[in-house]
Amino acid sequence: MMQPMHGSKRILRPVRDWFVWATLLLAVFLNMIPFGRLYGVPDWVALTLTFWCIREPLKVGMGAAFLLGVVMDVTFASVMGQHSLAYVLLAFTASGLARRILQFSLLQQALQILPLLLGMQVVMLAARMSVGSEFPGLLYFLDSVTATLLWFPLTYLLLLPQYQPMEKDENRPI
Amino acid sequence: MSVVGHQPPPFFHRGPAPFARLLFFVALSLLLLVLDLRFHTLELARQIVALATYPLQRLASAPLEGHDRWNNYLSSFATLEKENETLRHQQLATANLLLRQEHLELENQRLRALLDMKSRQPVSSQVAEILYSARDPFARRVILDKGAQHHISPGQVVIDELGVIGQITRVFPLLAEVTLITDKDQAIPVQIVRNGLRSVLFGAGAGNLELRFLAANADVQIGDVLVTSGLDDVYLPGLPVAKVVRVDRDTTYAFARILCEPIPGVERHGQVLVLGRREALPPAPQEPEVKEKPGKGRKAAK
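Listed in order, the protein sequences are those of chains A and B. All the letters of the first sequence, read from the start, carry residue numbers 45 to 218 under the working numbering. All the letters of the second sequence, read from the start, carry residue numbers 4 to 305 under the working numbering.
A hint or two may mislead.
[To be verified] What follows is a set of in silico ranges between Cβ atoms, one per label pair, in the way DEER data are often shown: (1) A:65 - B:97: 53 to 59 Å; (2) A:52 - B:156: 57 to 63 Å; (3) A:185 - B:47: 20 to 26 Å; (4) A:185 - B:109: 31 to 37 Å; (5) A:148 - B:216: 53 to 59 Å.
The hints are simulated quantities; they were obtained by calculation from the structure and are not laboratory data. Just so you know, even glycine gets a beta-carbon here, dropped at the ideal spot from N, CA and C.
Please take these sequences and the hints and turn them into a complete structure.
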């Protein structure tokens, strides 16, 4: 994954491990901000996890998804296993589709992310409705839509450290 | 380019196949779900994770708290004066009741002693603050800023200045989780003030409550106030809970459909009171034991 997209002529620097984990931790922090019952607040962890699963499927995978899911279950005060199940399925699908998704331009990528995130929400909904929780209303799915809109800026933000050259060299083309 | 899901050459060892890993983690997640929903045995794990993430959590909710504090600081002199005025008026209005309450309580105690009834227990209480409402969209819960360190335990009742808002369902070392009365899994025994009709109130979703299993001709009217009946050893009797807003009597069903609206500001932020535990009532009289072998019993009687 040394290019922003497969069609791009630009070559990226390799990703640093600490940066991947720091962004995931930041996503956990953003999810902890108490928005109460406001609709349309994206699930930052799901979004960042999808991004790294597509970009670096060998570094971030289902194990990380499971751990993040457990942390989210506790912070969201939901049933244990609800988020981990949804995140594991999301990570599997995202890393399986990684090659195909990176063929597209960023806006087309976002269109492919939307069904992934919606599928994740449907898994959570199914897990909770099967034990008789209340239906949160159709606005619940707005979270995925906002997350999809953020795909474009998020890609640039998270790839930013990889865009910088290691040392300045006037004679080198990239 | 190396990608998960594509067979690598055998000399690059990468552990189990993605599908096998998926099955493993899905099975683990399902195990967690079942353990938590059916057996409730994961509270310790939950507490450990909650304690580990507590600093991050407080940091994340700091802007909200800061915003509240800043608003308080900036509230103008005029608003404060007005509020002060209303509070003083309220105090005067309730002074009459308050002054007589002590007298009435003493009288009540004496009367109860005369009648040889069990005296009402005084109940301790603690003030706590609602930090934020939990982000789980499938349930209605709020988080309080006091926990096991402040001797809060599951099952305690939480009220605000108007009535019952919920019950503590989960306690962390420094935080506690309150399930609101509007949650779908929450039930609360109530009675109607007007006629003393007892029933159980359930959460109905969308911030409403429902009185279930009352006959279609039950004496319930719109505007009836429901208070706790105190028959459950948990809630104190007489705390306001809800008001009836709609009664549908459809004769094709055996039960009336009665929708209620909570009286207290259940979905609002602010300070609440956590009531101490009630002492359990004496156990219900046991059913007389059925003699297993009547022949033996007859022999013993002889």
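Okay, the hints, checked on the actual structure:
no.: 1; hint: A:65 - B:97: 53 to 59 Å; result: holds (57 Å)
no.: 2; hint: A:52 - B:156: 57 to 63 Å; result: holds (59 Å)
no.: 3; hint: A:185 - B:47: 20 to 26 Å; result: violated (34 Å)
no.: 4; hint: A:185 - B:109: 31 to 37 Å; result: violated (59 Å)
no.: 5; hint: A:148 - B:216: 53 to 59 Å; result: holds (56 Å)
In the structure shown, a violation is registered for the earlier hints numbered 3 and 4, in ascending order.
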